[in-house]
Amino acid sequence: MASTLHSALQNLRDRKVWKSIFRRGPANTNRTRSLAVFGNLFLHWLPVKVREKSLRVRASYYLGSVSFILFIVLFVTGILLMFYYHPAAPHAYRDMKDLQFVVSNGVFLRNLHRLAAHLMVFAVFWHMFHVFYRGGYKPPHEFNWVVGVVLLLVTLLLSYTGYLLPWDQLAFWAVTVGTNIISAMPFVGDKIRFLLLGGNIVGENALLRFYVLHVVILPLVAFLLIGIHFWRVQKDGGLTVKPKDDDGKE
Amino acid sequence: MEKNKIETGFSSDAKKEPRRVVFVAKKTSAKVVGDPGPQLMTYPHLLIREAIAFQLLVIVMVLVALFWDAPLEQLANPLLTPNPAKAPWYFLGLQELLHFFPPFVAGILIPTLVVIALVVIPYFNVNVEGKAIWSRPAQNLRIVLVTVFLLLAFLAVFYAWTIFLPTALVAALLLFSYTARAGEKGSFQVLARKPVSWWVMTWFIAVALCLTVVGTFF
Amino acid sequence: MGKLTNRTRLVLAVSSVMFLAVLAISPFKDFRREWKQYKHSYLRFAQTRPDTKKLVADYRPDIDQIWLPGMNVVDRCTTCHYGITQASLADQSVPQPFRAHPPIPHNVRDWGCTICHRGQGPATEVAEAHKSTLAWEQPILPTRFIQASCGTCHYADLPQTPQLTRGRALLAGLNCQGCHRLPGVERPAMLAPDLTNVGTKVSREWIYKWLKEPRTIVDKDGNVTVNGYEAEDEPRMPKFRLTETELRGLSAYLSVQKAKAFVSYKLDARVVAAWTKNPELASQGELRFRQMFCSTCHSLAVTRAGETKLIGGDIGPELTKVGSKVNPDWLITWLRDPQGYLPHTRMPRYGWSDEDLFKVTRYIATKLTDPDLLTGVPQLGQPREDEIQLGRRLFLEKGCASCHVIEGLNPQKDFGPDLSAIGGKNTSELEFGASKIPHNLVSYIQAKLQDPASVNPAARMPQYNWNQPDLDAITTALLSMKGAPPTSALQNLVVPRKEVDFHPTGAFEEVYERYKCYSCHKFNGYGGDLAPDLTYEGSRAQRQWIVDFLKNPQTLRPTVVLRMPQFNMSGRDAATLADYMTMVLQHPAANPTAVDAKQFTLAMVALGKQLYEVKYQCQSCHTIGGTGGYVGPNLSNAGDWLTPAWIEAWLRNPQALVPDTIEPRRNFTADEVRALTAYLTTLRQSIKPQKTASTTAKHAATQGAGR
Amino acid sequence: MSETKHPSFPGVPFSGDAVNEITRRDFLNEITLGALGIAGLGSVAVTYQFFSPNVLFEPPTTFRAGNPDLYPIHSVTFLQDQQVYIVRMPEGFYAVSAVCTHLGCVTEWKPDADMIACPCHGSKFKADGTKIEGPAPRPLPHFAISVTPDGELLVDKLQNIKPAQVLKV
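Protein chains in written order, with my numbering: chain V, -1 to 248; chain L, 296 to 513; chain C, 52 to 758; chain S, 3 to 171.
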C-alpha cells in the first residue's frame, strides 16, 4: 500500500497540470526549497531560512503561531456557523438551539468556535507579555510591537462582538454592561454608544451591527494586520534571539 | 538545459531578458543585534513545526469542545436582570475597577492609558535588558520607597484592596530584591538585575490578573 | 540543514493519526444522537406489533417538527413520541415514549406538545426536553396540574377542567384578589366586613380570639370548630401569624371602632317589658326564625341521634353559637336594617314586625350560645392608648385594609405581589430563602401556599390550611395565569371569560338591592346558583303569578329547607319587581305577540289534551293534578303560572330557551304546538289544593323550568 | 538533530542507501499522508452532512384542506398559503397547482370566464389545469389528494398525479 501511494504521488507529479501549478521540481535541494517558499502566495512572507534557535519551543512557545492557528480555526468554524445563523432577535437564539439540537455537528462547531475565541484572547495576551519579557519590542521591532498591540485590541473586539450573537441572557447583559462603560466617555460617549448599538438599547440593530463587525469588518482588519505583522517579522530580521538561548535555559 | 528551461518556465539567460531580482539600498535591511547562529530552511523545518503545533492545538481543542459545551442561557430578556450581570472574562478586570473609581476613570481613562503605555514602550528608552533598578541603590531606593508609599496610599484611599494587594506584593518583591544585590546566588539575585520597565510590567500583569480572578469568581 | 530528523517525522505522524482519530469523534457522536436511537427503537417496537404496516406508514428517519410561526412554537417532541397519534398504541402496556396520547379536543399534530405540557420543544434530547436547565427554565408540567394549560387560553370555565374551575373558585372565594392582582378575578367593592363600627358588634375578647384562631377554635371538650362553629368550609378570614402583643394591639384598635354613633333601634320599654314576661318568648322567636326561612342562607348545628349535622344554607354565616358573639343591641339593629350597618351585605332587609324582631333576637341571644367560645382568652380590660396605636399600625402593616374597610383609612390595593403572570415565572425570579424544596415553580407555589414563611420568613401572607386536592386546584389555577399571550396570533385563540352583563336600574335596583335577590338567583350570568336562574323570568312567568309568589312564597313550598325566605314584602315592592321582570327579563325566542290565547278554541284544547295524554305521553314526566311523573315540573297550575308565549316557544325548542334542559325536543308540528299550548293554558288549580301536593309541585316547577 | 542524508519531507522518492532507515522514514510519511488524506475526505463528508438541514422551517408540503363539505360542487377554491386550487367537480376533487408552468407566476381563478389566467404573460387554463392558450409549455400539474381517516382533505404537493385521477368523496 505504501508503495502504491508513493507511485501514485510520483505519477501525479509528472503530470502537466501538477507542473503548471508547482513549477519547481521536488523540494529536495535548498534551491527548490527556497523556491517553494518564494513561489507560494501563502508562504512568501516567510523567510527562506530561520535561525535554529528561534525554532526552539522555549524561544517563543509558538505563541504567535498558536494565535494565528486559532484565528484560522475561528475563521473556518465561523464561516460554517454563519450558514445557520440569522442576525435577528429572537431568531438568533432559535438558531443556537437548532445548532445544539438538530444541525449535524452543530454543537461541536459552536463549542470549538467559542473555545478558540477564548483561547485566542488568552494566547494573544500571553504572546504580548512573552514578547515584552524577551525584549521583542526593541529596535528594529518597534513598529511591529505597535501592530501587535492593535491586533490585541482587534482580538478583544472580535471576541466581544461575537459575545452578543447567541442572543441569550449571558450575551445580552454582558454587552449591556460593556457598552454602558462607553457612555462614561466625556462629550462623545453617548453618541458612540448610540452609533455602536444603532439605538439606545441592546436590540435588533445592535445585534446586526455587532454581527457585521464580527464577521466582516474586524476579520478584514485582523487579516490585514496579521499580514503586516508576519511580513514585518521577516523584514525586521526574524525573531529576537538572545545569546543565552544557547544553553537551553535562561 | 533548453528543455529544462521550457518546462520550468524560467528564463536562465539574464542578458536576453534582464530581470531585477532584488534592489539593494542603504539602510533598508533591519539591523539585527546578536549572533545569527546556525540557520535552517523554513521549508520544511518551520512548516512542519507549525503543522505539528496546529494539529496538537486542534486535538486539544476538539477534546475540550467534545466534553465542554459552550454556555447558552435563556433567551435575552431585558426585563430579567441576572445577578450579577457580567462582561466577558477579559473585561472583568475593568468591571472590577468600576467598583473603585468613577466610570470615566475606570472605563475610559485607565484602559486608554494602558493602551498608550503599551504603544509607546518601544519608543522610550525602557529597555528590558537595560540597567538594573538597583544599579544605583542609594538614590533609587528613596525614589522607589516614595513611589510605592504614594501608590499604596492612593489605593487605600479608594479602598481598592484588590489592587492594593498585588501592588504591595510586587513592591515587597522589589524591596526584597534590594537586599540581595551583592553578587550572591538565588532568585532574589535574578530579580535584582531587573530594570524599571520589567517591574512596571510585572506590576501591571499582577494587578490585571488579580482583578480578573476576583471579577470572575466573586 | 535541509533535512528532517526521524523524530520530527514520528511526531508529525503520531499527531496526524491522533488528529484524524480525534476529529472523527464528533461525527460519530452525531451519528449516535439520542433521537436517532429512539427512531430506531420505534421501528423495532413497531415490528412487534400486529399493525406494523400502519404504524410505520408515514415513518421518516428524520426529526419530526411541528412549527407554529404565529405562536413562536417549535416542537420536536413527536420525533421520539412517534406513536402519539396512533390509536392502537393507547394501551398502558405500550412503553414510553411511544404511547398514544389520551383523546383530547386538540389535534397533537396541529398544536404540538409544549403549549400544554411545557418543556423545551426544540430539544431533541430527553433531559433537555423535559427538565429545567439554564437555557430553558420551564420544565415539563406535572400531569396533575395539566388543567392549568387549558386555563391559559380558555378563560371561561370548561366542564372538562374541574380542578382548574375549583382553583379559580378558591382564589375568588378566599379573597386572594384582596391583596394580589389576579387576571379574570375582579375585585368586588367589598371583600370582607366593614369594620368601621365593629366595636359596637363584638367584644374585644371575641376579636382577640378570632384573630388568634379564625379557622380553628377548640372548645373545652377539645372539639375543633371553625369560625367558632363546626363547618366544612373554612371562613375567608385567614390565620395571620400574630404575637400576643400584636393580638392585644389589634383587638384594642378594633374594639374602639365605633365611628358611627350606635343608634340602636329602641323599642318601647313598656311593650318590651310586657313581651319579656312571656315565658314562650324564646320558643316563639325560634318559630319565627323558622318561618322566615333564615336557614335558606344560614345553617345551624343540629344534633340528632348523637350525630351533629349542619342544616341550612351557606350563603350567610353559620349561626349555631352567634349569640355568644354579638352584642344583643347590635343584633336587633342589624336584623331590622342590615344595610344600615353594612351597605354591601348580602343579607336582605326583611319587613319584620317589632314583636317578631324582639322575639327572634331573644331567641338568638339566649339559645344560640356557647359559654366556652371565649375560653383561653386572657382578661384584656379596657384598651390602652398605646395598644390602640399599635393596633392601628399593625392593621396597615398586615394589609388588613386590603379587604376590610375602616372609615378614614385608605384602602390598600395590590398589597401583595401581582400574580397575573405567576404561572410563567422563571425560577430565577422566585425567592426560595432557606427552604430545601426543589427549585422550580410548582414546588415554590405549593410551598408558599402551604406555609408562606417557609420560603420567606418575612412573608406577610397569612397561613391557610388546604387539603391536598384544594392545594393542587389552587396551584393549577395559579399556573394557568401566564400573563398576556406572547403573540397577537395567540390572542385570537383566547376564549374569554363570560362577561357578566346585568345592571339593574331605577326603582327595581333599590328593591333588588334591599332584598339581595342576587344572593340566590342568577340574572344574566350574575348571582348565586341556589335558586332558579331568573334571566328570562319575565318571559316565563305571568306577572300576576310573580306578584303573588313574591308576597307569599312560603305557602308554595314549605317542606324544603332551602327556599325563598318570607320577606313580608309590600305589594308595591312585589309589583316593582314583577314589572321589571316582565319588561326586562325577556327571552328573545319567546314572542308574546305571536301567541294569542284568545284564539285558542275548545277543539284545540281537546286536541292538545289528546296529544299530551296519548300521542306524546307527557305524563310520564309531568304531573297534572296529582297524576304523572316527577322528572319534569308539575303543570297543574301552568295556565296561571306560565305565559302562553313561553309554553309555545318551549314546545318548539326547549334548548333554545334553556340550553341544558333535559326536556327532549320533539319536533312537534305547528298545529301540535298550538294545540298543546292551548291545552296547557287551560290548566288551573281552581280549588285550594292540599298544602303538600301544591308545594312539591311548585318547587319542582320552578326548579325544573329553570334547569 | 542527527545528520541524515535522506530525502526530506514530504514523500519524495528515495535514492538513498540505508534501506532500513529509509523504509521507516517512508512509513512515517505514508502514515502522515494517509491520516491527513482520510481526515480531508472525512471533513468533506461531514461538511456535506452539516450543510444538509435536518429540519425545515417551511410550510409543510403535505397539508390538510379541511372538510370536503366546505367546497361546493362546481367550485374552484384558491388556497393562498399553499398556492393550490381545490377544484370540486361532479366527478370528484382534484388539487391543481396555482403556479404557472411558464415562468412561475401565481395564476388567478376568473369565475366569470370560468378559467385560470396567468397575469404575467396571458396563459389561460381550464379549471382542470389544461392549457387553453398562452406561452405556458405544460398544463398545471395535479397534486395527490386524499381523505384522512377523520374526514379531511389531504394534499401532498410533492406528489404529482395524472389529471385523470380524481378523488371521489
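To be clear, the hints were calculated from the coordinates, so they are not data collected in a lab.
Errors might be hidden in some of the hints.
Unchecked claim - Selected chain C positions facing chain V (Cβ under 8 angstroms, derived; list incomplete):
| no. | residue |
| --- | --- |
| 1 | P78 |
| 2 | I114 |
| 3 | V125 |
| 4 | T129 |
| 5 | P173 |
| 6 | A174 |
| 7 | T175 |
| 8 | D647 |
Claimed, not checked - Listed next, with one range per pair, are the computed distances between beta-carbon atoms:
| no. | chain 1 | residue 1 | chain 2 | residue 2 | range |
| --- | --- | --- | --- | --- | --- |
| 9 | L | V359 | V | L193 | 33 to 39 angstroms |
| 10 | C | K290 | L | F453 | 26 to 32 angstroms |
| 11 | L | V359 | C | T99 | 57 to 63 angstroms |
| 12 | S | Q161 | C | T720 | 37 to 43 angstroms |
To be verified - Computed, partial: chain V to chain S, Cβ under 10 angstroms:
| no. | residue |
| --- | --- |
| 13 | L78 |
| 14 | F81 |
| 15 | Y82 |
| 16 | V100 |
| 17 | N103 |
| 18 | Q232 |
A quick note: this is a predicted structure, and the numbers were derived from the prediction, not measured.
Note that CB positions come from ideal geometry on N, CA and C, so glycine has one too.
Against the structure, the hints:
no.	hint	in the structure
1	P78	holds, 6 angstroms
2	I114	holds, 6 angstroms
3	V125	holds, 7 angstroms
4	T129	violated, 14 angstroms
5	P173	holds, 4 angstroms
6	A174	holds, 5 angstroms
7	T175	holds, 4 angstroms
8	D647	violated, 68 angstroms
9	L:V359 - V:L193: 33 to 39 angstroms	holds, 37 angstroms
10	C:K290 - L:F453: 26 to 32 angstroms	violated, 52 angstroms
11	L:V359 - C:T99: 57 to 63 angstroms	violated, 42 angstroms
12	S:Q161 - C:T720: 37 to 43 angstroms	violated, 53 angstroms
13	L78	holds, 6 angstroms
14	F81	holds, 7 angstroms
15	Y82	holds, 8 angstroms
16	V100	holds, 5 angstroms
17	N103	holds, 5 angstroms
18	Q232	violated, 22 angstroms
The structure does not agree with the numbered hints 4, 8, 10, 11, 12 and 18 stated previously, though it agrees with the rest.
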